[in-house]
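J.: Here's the letter readout for the chains.
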Amino acid sequence: MDLAYTEAEEEFRRRLREWLAGALPGLPPKPSPDDWPARRAYDTTWQRMLYDAGYAGLHWPADAGGRGATPTQHLIYLEETEKAGAPYVGANFVGLLHAGPTIAAEGTAEQRARWLPPVLRGEAVWCQGFSEPDAGSDLAALRTRAVRDGDSYVISGAKTWTSHAEVADWCELLVRTDPDAPKHRGISWLAMPMDAPGITVRPLRTLAGSREFAEMFLDEVRVPVRNRVGAENDGWRVTMVTLSFERGTAFVGEVVACRRTLDALADEARRNGRWDDVVLRRRLGRLNAEFRALWRLTQWNVAESERTGGVPGTGGSVFKLRYSGARQELYGAAAEVLGGGDAFDLDREWVLDRLSSLSYTIAAGTSQIQRNIVAERILGLPKGR
Amino acid sequence: MDFQLSDDQRALRSGMRDLLDAVFDRDRLRAAVERGGTLDRALWRGLGAAGFFALRVPEEAGGVGLGLPEAVLLFEEAGRALLPGPLVATHLAAGLVKGAAEGEAVVTAVDGDLPVAHLAEADAVLVGADVLVGEPLRAFVAAARPVRSMDPLTPLHRVAGRTAEIEAYPGAVPYEGALLTAAEQLGSATRTTDMAVQHAGDRQQFGSPIGSFQAVKHLCADMLARTEPARAAVYAAAVTGDPVEIAAAKLLADEAAVRNARDCLQIHGGMGFTWEADVHLHLKRAWLRAAARLGGAAAEELLAAGLGTARPRSGSSAASGGGTPEAGGGG
Numbered sequence: 004m005d006l007a008y009t010e011a012e013e014e015f016r017r018r019l020r021e022w023l024a025g026a027l028p029g030l031p032p033k034p035s036p037d038d039w040p041a042r043r044a045y046d047t048t049w050q051r052m053l054y055d056a057g058y059a060g061l062h063w064p065a066d067a068g069g070r071g072a073t074p075t076q077h078l079i080y081l082e083e084t085e086k087a088g089a090p091y092v093g094a095n096f097v098g099l100l101h102a103g104p105t106i107a108a109e110g111t112a113e114q115r116a117r118w119l120p121p122v123l124r125g126e127a128v129w130c131q132g133f134s135e136p137d138a139g140s141d142l143a144a145l146r147t148r149a150v151r152d153g154d155s156y157v158i159s160g161a162k163t164w165t166s167h168a169e170v171a172d173w174c175e176l177l178v179r180t181d182p183d184a185p186k187h188r189g190i191s192w193l194a195m196p197m198d199a200p201g202i203t204v205r206p207l208r209t210l211a212g213s214r215e216f217a218e219m220f221l222d223e224v225r226v227p228v229r230n231r232v233g234a235e236n237d238g239w240r241v242t243m244v245t246l247s248f249e250r251g252t253a254f255v256g257e258v259v260a261c262r263r264t265l266d267a268l269a270d271e272a273r274r275n276g277r278w279d280d281v282v283l284r285r286r287l288g289r290l291n292a293e294f295r296a297l298w299r300l301t302q303w304n305v306a307e308s309e310r311t312g313g314v315p316g317t318g319g320s321v322f323k324l325r326y327s328g329a330r331q332e333l334y335g336a337a338a339e340v341l342g343g344g345d346a347f348d349l350d351r352e353w354v355l356d357r358l359s360s361l362s363y364t365i366a367a368g369t370s371q372i373q374r375n376i377v378a379e380r381i382l383g384l385p386k387g388r
Numbered sequence: 501m502d503f504q505l506s507d508d509q510r511a512l513r514s515g516m517r518d519l520l521d522a523v524f525d526r527d528r529l530r531a532a533v534e535r536g537g538t539l540d541r542a543l544w545r546g547l548g549a550a551g552f553f554a555l556r557v558p559e560e561a562g563g564v565g566l567g568l569p570e571a572v573l574l575f576e577e578a579g580r581a582l583l584p585g586p587l588v589a590t591h592l593a594a595g596l597v598k599g600a601a602e603g604e605a606v607v608t609a610v611d612g613d614l615p616v617a618h619l620a621e622a623d624a625v626l627v628g629a630d631v632l633v634g635e636p637l638r639a640f641v642a643a644a645r646p647v648r649s650m651d652p653l654t655p656l657h658r659v660a661g662r663t664a665e666i667e668a669y670p671g672a673v674p675y676e677g678a679l680l681t682a683a684e685q686l687g688s689a690t691r692t693t694d695m696a697v698q699h700a701g702d703r704q705q706f707g708s709p710i711g712s713f714q715a716v717k718h719l720c721a722d723m724l725a726r727t728e729p730a731r732a733a734v735y736a737a738a739v740t741g742d743p744v745e746i747a748a749a750k751l752l753a754d755e756a757a758v759r760n761a762r763d764c765l766q767i768h769g770g771m772g773f774t775w776e777a778d779v780h781l782h783l784k785r786a787w788l789r790a791a792a793r794l795g796g797a798a799a800e801e802l803l804a805a806g807l808g809t810a811r812p813r814s815g816s817s818a819a820s821g822g823g824t825p826e827a828g829g830g831g
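Chains A and F, in that order, are what the protein sequence lines are.
In short: position in the first sequence from 1, add 3, done, that's our numbering.
In short: position in the second sequence from 1, add 500, done, that's our numbering.
These are computed hints drawn from the structure, not numbers from a lab.
Misleading hints may appear alongside valid ones.
[Stated by the list, open to error] The calculated DMTMM-like cross-link candidates involving lysine to aspartate or glutamate, where the alpha carbons are at most 25 angstroms apart (straight line), are:
1. A/LYS386 to F/ASP694
2. F/LYS598 to F/GLU560
3. A/LYS86 to A/ASP137
4. A/LYS33 to A/GLU21
5. A/LYS386 to F/ASP702
6. A/LYS33 to A/GLU352
7. A/LYS186 to A/ASP137
8. A/LYS86 to F/ASP502
9. A/LYS33 to A/ASP356
[Unchecked claim] Beyond 10 angstroms from chain A on every Cβ pair, some chain F residues (computed):
10. VAL523
11. ALA531
12. LEU539
13. VAL564
14. ASP623
15. PRO652
16. GLN705
17. ALA736
18. GLU745
We put the CB at the ideal spot given by N, CA and C, even for glycine.
Produce the complete structure using the sequences and hints provided.
T.: Given below as structure tokens:
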């Protein structure tokens, strides 16, 4: 058990810190959270800066245009960029963390050459067309139909909870290509250009009042067959590859951010006198234990994937289950630190985060789905009906 | 960074597991319960011979010369097997009390105002920085009053007058004791998870194994989701030795041990409420350990004091992450 970073890893950290210190002052001010065109511009500008500095797609394999960094280097990258206050992956989330790694793992040489470099350069933004009004947690129940017509699929259906669909260039889309097959088969993974005729995007407001995601209606949208990644009707397996990426390292930066928030909460409580409340103070102490442990668990999982050399596995479900609950606890404590009046003022720091935290036990697989995964795939309990 | 067990550490752990399987199987566990938790001196000496107590005593002083991470792995196995006795106190006393390192002496300790474990059989008692042996020990025991212990594996005595807060112990000892106790809790939490999963897979109700029901499945999943962060916290604290990190490890391991035992009991249903099932033994020990050596309130206060960007520095040893207050420090 060794928590010390190697000399090479520390050197990587030093260089990254230096570059961040020089690069970040050149960024324009952060746009309003509701202004998606401005957010896209901001996030892709940052992506381009990363690309020019050689940090784009750090954890992608070298033959996909990435740097083939080790899991530990990737961990250091996520830790340092968060500490430096660098932009979060933002509008590039799906491209960099989902669609890109999936295409890198499952796409043909031509598909990789076509779609991966624009993601790394910040030229193409992707969104995720997985969830449907009647198929969220039961993802395999999706109904959006794709019927083959010559060299194209003709697609009709509806998707929902599609983040930043209105500014995306591409959508990683799950469609049903064989309605007669068992529900986990008969699904295909397509790259759909968002400017294709027949796509209607309608932004939705979240309970936090912001426009974070959209519903998307597909009316006989034509997508070339060559845009399919993986074999026809093999999309479920391809999707599982994607989801393992999502649950593996997607939250590393956020754990670092939560630890910073917890320190800020303690500062604020000492300033406004709430620190004297022993119940609240101990609650913050308990959260300190929680986020320290989540950070150590992250290091444990990263070291394990470094040893096995594989993609992140089901261990990510344990992490996601625990982290999503802890994040909600953190912002619940934040409301107590702020106290009555301020806890309801959307202009106060942490109030919007408290609302946003409610999505964490739902998005990327609900906590109930994660528990099923943990129980069946890790503990080996029998499947239910 | 390679935060995984080394090959030597794996071998050490599996060696300890094999040893305990051989010398302290379920029959011996239940025999210990029947004896009211009195110690098996031959077993105690066997542990001593295997290096359990002398593990961290330097080689030049006749010990094994290993460190806290290795000790944590052994105590995790001891917790898994529900091995009785003042294991932590005797381990901490190795090199300090004659015979402790070899398992010839049984050493217990006073911990705040909690009842003292295994006092009647102790050859020495640690009270803060003092070691009581001989006549002072006999006087101390004579003044103590036996308690009808809730935990059948841990005889308890209330002692008059002398209490010792954790701060009274010299140097890093109190925190090491808390960490080793956390390691026992981790082992117990792992074991009750295994027991629950085993039972949920075997036990049939309504024509199916109960583990196929989501309500049971989710209890089991939550047990693992408590154990794994606790494991990461305990192992990391063993590497850094940081008191705040040890407090985190103790808090999470206590929670994992107690709540997992309760969920395991629930999954065993009516059988879980009987004396014959082992789960109550885990729960009772877990409750005792949770109160001992940095209990919940003390751990939370220590963790709270470790928060904030402008927090006061603790003056003691390796406190507060060794000068890296940033997230992810202590690397």
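J.: Does each hint hold? Answer for all of them.
T.: Structure-based check of all given hints:
Between A/LYS386 and F/ASP694 the alpha-carbon distance is near 18 angstroms, which keeps this suggested pair within the 25 angstroms criterion. Between F/LYS598 and F/GLU560, the direct Cα distance comes to roughly 16 angstroms. Compliance with the 25 angstroms bound is thereby established for this hinted pair. With a C-alpha separation of about 39 angstroms, the suggested pair A/LYS86 and A/ASP137 falls outside the 25 angstroms cut-off, and the hint is violated. For the suggested pair A/LYS33 and A/GLU21, the alpha carbons sit about 22 angstroms apart, so the restraint of at most 25 angstroms is met.
Among the hinted pairs, A/LYS386 with F/ASP702 is consistent with the structure: their alpha-carbon atoms are about 14 angstroms apart, no more than 25 angstroms. Under the criterion of a C-alpha separation no larger than 25 angstroms, the hint pairing A/LYS33 with A/GLU352 is consistent with the structure, at around 15 angstroms. With a CA separation close to 14 angstroms, the supplied pair A/LYS186 and A/ASP137 stays within the 25 angstroms bound. As the CA atoms of A/LYS86 and F/ASP502 are separated by approximately 22 angstroms, the hinted pair is consistent with the 25 angstroms bound.
Under the criterion of a C-alpha separation no larger than 25 angstroms, the hint pairing A/LYS33 with A/ASP356 is consistent with the structure, at around 17 angstroms. With a closest Cβ-Cβ approach of about 27 angstroms to chain A, F/VAL523 is found to remain outside the 10 angstroms limit, as its non-interface label requires. Remark: the non-interface label on F/ALA531 is consistent with the geometry, its nearest Cβ contact in chain A lying 31 angstroms away (cut-off 10 angstroms). Distance check for F/LEU539 against chain A: the nearest CB is about 31 angstroms away, which clears 10 angstroms, and the non-interface claim stands.
Consistency note on F/VAL564: stated as away from chain A, and its beta-carbon is indeed over 10 angstroms from all of that chain's, at 17 angstroms minimum. Every CB of chain A is more than 10 angstroms from the CB of F/ASP623 (nearest about 33 angstroms), matching its label as outside the interface. With a least beta-carbon separation of about 29 angstroms from chain A, F/PRO652 lies farther than 10 angstroms from that chain, consistent with its non-interface assignment. In this structure F/GLN705 is separated from chain A by more than 10 angstroms, as the shortest Cβ-Cβ distance comes to about 13 angstroms.
Not every CB of chain A is more than 10 angstroms from the CB of F/ALA736 (nearest about 4 angstroms), against its label as outside the interface. For F/GLU745, the shortest C-beta to C-beta distance to chain A comes to about 6 angstroms, within the 10 angstroms cut-off, and the non-interface label is violated.
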